[in-house]
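S.K.: Those protein sequences? They're chains D and X, same order as listed.
Numbered by the numbering used here, the letters in the first sequence go through residues 4 to 110 in order.
Numbered by the numbering used here, the letters in the second sequence go through residues 3 to 120 in order.
Please keep in mind that the hints were generated in silico from the structure rather than gathered at the bench.
It cannot be assumed that every hint is accurate.
To be verified - In silico EDC-like links for lysine to aspartate or glutamate, alpha-carbon gap of 20 Å or less: (1) D:Lys-45 to X:Asp-75; (2) X:Lys-21 to X:Glu-91; (3) D:Lys-106 to D:Glu-84; (4) D:Lys-106 to X:Asp-75; (5) D:Lys-110 to D:Asp-96; (6) X:Lys-45 to D:Glu-20; (7) X:Lys-67 to D:Asp-96; (8) X:Lys-21 to X:Asp-75; (9) D:Lys-45 to X:Asp-101; (10) X:Lys-45 to D:Asp-85; (11) X:Lys-54 to D:Asp-96; (12) D:Lys-45 to X:Glu-3; (13) D:Lys-42 to X:Glu-91; (14) D:Lys-106 to X:Glu-48; (15) X:Lys-67 to D:Asp-4; (16) D:Lys-77 to D:Asp-96; (17) D:Lys-42 to X:Glu-48; (18) D:Lys-110 to D:Asp-85; (19) X:Lys-21 to X:Glu-3; (20) X:Lys-45 to D:Glu-108; (21) D:Lys-77 to D:Glu-25.
Keep in mind the model is a prediction, meaning the values are calculated, not measured.
The residues making up each chain are set out below.
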Amino acid sequence: DIQMTQSPASLSASLGETVTIECRASEDIYNGLAWYQQKPGKSPQLLIYNANSLHTGVPSRFSGSGSGTQYSLKINSLQSEDVASYFCQQYYDYPWTFGGGTKLELK
Amino acid sequence: EVQLVESGGGLVQPGASLKLSCVASGFTFSDYWMSWVRQTPGKTMEWIGDIKYDGSYTNYAPSLKNRFTISRDNAKSTLYLQMSNVRSEDTATYYCTRDMNPGYFDYWGQGVMVTVSS
Chain D
4 DIQMTQSPAS
14 LSASLGETVT
24 IECRASEDIY
34 NGLAWYQQKP
44 GKSPQLLIYN
54 ANSLHTGVPS
64 RFSGSGSGTQ
74 YSLKINSLQS
84 EDVASYFCQQ
94 YYDYPWTFGG
104 GTKLELK
Chain X
3 EVQLVESGGG
13 LVQPGASLKL
23 SCVASGFTFS
33 DYWMSWVRQT
43 PGKTMEWIGD
53 IKYDGSYTNY
63 APSLKNRFTI
73 SRDNAKSTLY
83 LQMSNVRSED
93 TATYYCTRDM
103 NPGYFDYWGQ
113 GVMVTVSS
């Protein structure tokens, strides 16, 4: 199985700040990577797919980048509604696997 | 509007069986691969498996393959997860998802809780 290592596990940031979350795969996943946002008590929602494609309706302050084994999610100008947990997921090879998640809080 | 509504969860004893359902609406169900994903109380996400749009092919997480079975009824726009010989570590919230490619999940249900305890 491809292991996904996500960092940091938790993050505290101020409104307006830029935040970056990292995800490292145990092998090359050729941009087969998605990012999800999960607000407290809610289901996950797709943010990014194919490492850098923004899902319909997702604000442009969210962006994804990376290649090979290293990927990142960036949130520009943090808003209060961005308080959530974020997960990466690889879909290059079965079984699909997730990172451990990053809990983002406001400072 | 795409909707996925899971049901069938609850408290179940170790070793028992349980069948979850997911009713889909707002899209042509028979056009899409579908998956089940679960999230443990500690928030770990685990993909369980998926099923091809016509039900002819399934893939599973190796650790669950022998106990979990995914099926679908396209006439009823319904996805199923049959769980057998459940264990305490199966305690989780189970999500039905619509797959793209397949690979990533563009819509998720609200989730259904399963608690395995005596």
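S.K.: A separate judgement is required for each hint: does it hold in the structure or not?
M.R.: Verification of the hints:
1. D:Lys-45 to X:Asp-75: violated (27 Å)
2. X:Lys-21 to X:Glu-91: This hinted pair holds, its Cα atoms lying about 17 Å apart.
3. D:Lys-106 to D:Glu-84: Roughly 13 Å between the alpha carbons, so the hint for Lys-106 of chain D and Glu-84 of chain D holds.
4. D:Lys-106 to X:Asp-75: violated (37 Å)
5. D:Lys-110 to D:Asp-96: The hint is violated at about 37 Å.
6. X:Lys-45 to D:Glu-20: Status violated; Cα separation ~26 Å.
7. X:Lys-67 to D:Asp-96: holds (17 Å)
8. X:Lys-21 to X:Asp-75: holds (14 Å)
9. D:Lys-45 to X:Asp-101: Holds: Lys-45 of chain D and Asp-101 of chain X sit about 19 Å apart, inside 20 Å.
10. X:Lys-45 to D:Asp-85: holds (18 Å)
11. X:Lys-54 to D:Asp-96: OK: Lys-54 of chain X and Asp-96 of chain D at ~16 Å, within 20 Å.
12. D:Lys-45 to X:Glu-3: Holds, at about 18 Å.
13. D:Lys-42 to X:Glu-91: violated (24 Å)
14. D:Lys-106 to X:Glu-48: Between Lys-106 of chain D and Glu-48 of chain X the Cα gap is close to 17 Å, so the pair holds against 20 Å.
15. X:Lys-67 to D:Asp-4: Within the cut-off at roughly 14 Å; holds.
16. D:Lys-77 to D:Asp-96: Violated. Lys-77 of chain D to Asp-96 of chain D sits at ~25 Å, over the 20 Å cutoff.
17. D:Lys-42 to X:Glu-48: holds (18 Å)
18. D:Lys-110 to D:Asp-85: Within the cut-off at roughly 13 Å; holds.
19. X:Lys-21 to X:Glu-3: Violated: Lys-21 of chain X and Glu-3 of chain X sit about 26 Å apart, past 20 Å.
20. X:Lys-45 to D:Glu-108: Cα-Cα ~16 Å, so holds.
21. D:Lys-77 to D:Glu-25: Holds: Lys-77 of chain D and Glu-25 of chain D sit about 9 Å apart, inside 20 Å.
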